[in-house]
Amino acid sequence: MTVTPMHFVIFAAVLFAIGAAGVLLRRSGISILLGIELMLNAANLALVAFGRIHGALDAQVFVFFVMAVAAAEVAVGLALLVAIFRKQQSIDVDRLNVLRW
Amino acid sequence: MLDLLWLVPALPLAGAVVLLAGALRFKHRTTTVVGVSSVGLSLAAALGALLQYVGTHGGIFVQHLFRWISAGDLTIDFSLRLDALSAVMLFFVTLVGFVIHVYSVGYMHSESARGYARYFAYLNLFMFAMLVLVLGANLAVLFIGWEGVGLCSYLLIGFYFEKDWCASAGKKAFIVNRMGDFGFLLAIFWAFKVFGTIDLAGMQQLITVDPGKYAAAATPIALLLFVGAIGKSAQVPLYVWLPDAMAGPTPVSALIHAATMVTAGVYMVARTNFIFALSPTALLTVAVVGGVTAVFAASIGLAQNDIKKVLAYSTVSQLGYMFLAAGAGAFGAGIFHVFTHSFFKACLFLGAGSVIHAMAGEQDMRKMGGLAKHLPTTYWTFVVATLALAGIPPLAGFVSKDEILGKVFAAGVGDLNGFGSVYLVLWMLGLAGAFMTAFYMFRAVYMTFHGEFRGGHEAAHHLHESPRSMTVPLVILAVGSVVAGFVGIGKALSFNLDINLFERFLHPVAPALEVEHAPTLAGEWVLILISVAVAVGGILLARRFYLGPEAFRRPNALAQRFPTLYTTVANKYYVDEAYDRALVRPLAGLARFSWKGIDTVAIDGTLNASAFFTEIAGDLLRFVQTGNVRNYGLLVLAGALAAAAWLLL
Amino acid sequence: MVTVVFCLAVVVGIVSAVVALSHRSPVVNVLSLVVTLFCIAVSYALLGAEFLAAAQILIYAGAILVLFLFVVMLLNAPEEQPAKEPRPFQRAAGLLLALLAGAGGVAVLIGIQVAAPGVQVAGDARAIGRMLVGQYLFAFEFISVVLLAALVGALVLVKRKH
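Keeping their order, the protein sequence lines are chains A, B and C.
Quick note, the first sequence lines up with residues 1 to 101 if you use my numbering.
Quick note, the second sequence lines up with residues 1 to 649 if you use my numbering.
Quick note, the third sequence lines up with residues 1 to 162 if you use my numbering.
No wet-lab data here; the hints were simulated from the structure.
Model, not experiment: these values are computed from the prediction.
There may be inaccurate statements among the hints.
Reference excerpt, derived from the structure (chain B facing chain A, CB under 10 Å, subset only) [as the list claims (entries may be wrong)]:
hint, residue
1, L7
2, R25
3, K27
4, I392
5, F623
6, Q625
7, T626
8, G627
9, N628
10, G633
11, L634
12, L637
Note that CB positions come from ideal geometry on N, CA and C, so glycine has one too.
Just chain A, with the same shape it has in the complex:
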């Protein structure tokens, strides 16, 4: 079996699903952010694979930018987490429910 870029895309889809499950099912803020990171990486992988299919280098440049943005987002997300921890002494996101009906 030759490994075509499609295989990588399928791999990326699976990783994305795992990441999504993690975001939705875990209560710890850290875990949620980890899940988000995983999803982003899965997307990046898919992007590179597609770039390979079409022979365009633009995909890789795009991935580069996505990585940069992901870094920024992680920084802010963790800062948020720290601020929340200071407030409620726990990183359980289920405790953040003031904006309910």
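Following the hints, complete the assembly by docking chains B and C onto the known chain A.
Okay, now just chains B and C, sitting in the frame of chain A:
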């Protein structure tokens, strides 16, 4: 001068606009100048145009003002048409209109400046509408004038709108009129569909070229046109508004409900005579309605005690005669009666106004009496006009009414369109009506002007002759009632000398339908003598009943002998009550149901219900906001998947 | 050869991903994710994006996840306690959606059937560098602003009120 034809309707319009634009704040003198001079100048322009027209010897002058509607096949121009028929109408409409405007100056003197200005503004507006009606070159322009006079009638009848019954009378006039207008509109639409044009000249041309093609459509069109005429000219069954219209100021009754507006129906039938001529059924209908109305209204007039109501029913009755003539194919004779009637009926109304003015507003004849010595000019002009109305030679009413009866009889004898017997019956009804007319009019004269004054001391002191501004018009109109007949002296009267200028003048546009077997000269003279005898008989009977020391004894005895008959007639045969029960109450009920049932329940209910459901939906939807971050994440992912699916699939 | 490496990367990647998101200890989670990201870097290399593979390890594994570790240590993040209010709907729906995402994605992709072996493009630093300062110069510069914004935002968020 003919080019200035447009000035004739335009000047009164300008007068009305100025008076209304001045926000009715002009003082009496300004209003008088504006209101009367506009009509006076219009009269001058009309006379100028007429003088020039007469010189053309029977031509048709059309003045195209502007293109009004241009939509596909439909082109309607706002054009004025001056031919023999509209010339006649133009003449007496402007003349009588001007005279009545002058009369109004004195009569309406006691109104507030605002009311005075309002009156003249509406009256000027009426003149504009009536002139547009008369001069219209196509059915659309005619209809504009038609609706306009209806509007002004409403405004003027309800002039004293603070009084409920006056406002109601105005509404009644407008609504009943509207019912007739519906028929007229349908006729216009149908005519457009059949002829492709509603221009009078155009339609006439098409019919002349190929009458057979349009014969079938002519009947419904003519009947629908006549429905409009029934409404406007107060024939049975749409006459009920005219007696109530007496709620308006008396000059209004004189101008609108005697001389001009109500004759618009007759004018319209004469205008479209080429359509009616194609349909014997329609002609017969016109004649029958006219004849029945003539007698019916006259019978009601026998028992009325309000002087204006007597004149109102008399007007309805006389209009019936005009339609009777038209239905017998004698369009010229009908218009001739319109012409003469305008003089003597206006004179009668203005005279009544003079009497009411002297009686400080009282209109019940039972409270009058012996006014002849206090109001001599009024009395004499009133008597002259009454004689004319009753049909006594050589006054105008005699000439025209006799012409009508003669033509109807000729139609009966000559078996016009195969309905000879009907026309003969109608002739007899016409005679009966003439008897009643003479009777009730002289009853009115005797009750009002003769005998002892029955009104009480205070009123007696107030009795005085009217000012010159009111008596001069009376004299002018009385003179008209005498001489107007001379232009239309029929063949028989003139012993076969063809000096009927009127008929000859109108012949190009409103030719009378010819009958075979016209009555002989001797036969015609017998008819004349019969109708004069009938009229004189009516006068004598009235004299017996209402004059002298035995006055009122016989009629009161008769009334007691036949109480139900008397009350029925006195209550106008309960027609208004019947209408109320049959039409007004169901409609009011429908309106109430529409309000309470449909508007409140259905429409408001629907709105309230939708608001209610929105509330409930909101109540339910708020549970989506759990405040839980993971739930929101779930929703975000679900939405993203949905969008992706929609994009990819 | 490539196949073997690929399969290895896939297996290790998936296993460590599952561990990263299910283990109760936060440190284990982070370190597992490092492994997953390493596998992804391998995938990049297999796809011919060498620069990205290197960047992945440098930035992600090296910087971002280290940051995670710092925060975990800082907060002394506890192990996840059992939930106070069990949310069965969330669990079920979450699992379902994730599966859907994955399965759906796979199905669609198989359906698209782009089975081309791929075109070799040079994924080296020089080529990418050329694109960065050429076609995507504006984005490149703007990224710095984004990073600045993130920096400032993070500082503001953790500032203690005095």
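Cross-check of the supplied hints:
Here the hint on L7(B) is broken, as its CB sits about 78 Å from the closest CB of chain A, past 10 Å. Look at R25(B): its Cβ only gets to about 65 Å from chain A, farther than 10 Å, so that hint breaks. Restraint check, K27(B) versus chain A: the minimum CB separation of about 73 Å is more than 10 Å; hint violated. At a threshold of 10 Å, the smallest CB-CB gap from I392(B) to chain A is about 97 Å, leaving the interface hint violated.
Using the Cβ-Cβ criterion of 10 Å, the hint placing F623(B) at the interface with chain A is satisfied: the shortest such distance is roughly 6 Å. A least Cβ separation of about 5 Å between Q625(B) and chain A falls short of the 10 Å threshold, and the interface hint therefore holds. Interface restraint check for T626(B): the shortest CB-CB distance to chain A comes to about 5 Å, inside 10 Å, so the restraint holds. Annotation: G627(B) was flagged as interfacial toward chain A, and the flag holds, the nearest CB pair being 3 Å apart, inside 10 Å.
Given hint, N628(B) at the interface with chain A, holds; its Cβ is 6 Å from that chain's nearest Cβ, closer than 10 Å. Restraint check, G633(B) versus chain A: the minimum CB separation of about 6 Å is within 10 Å; hint holds. At its closest, the beta carbon of L634(B) sits 6 Å from a beta carbon of chain A; the interface hint therefore holds under the 10 Å criterion. Hint status for L637(B): holds, given a least beta-carbon distance of 6 Å to chain A, under 10 Å.
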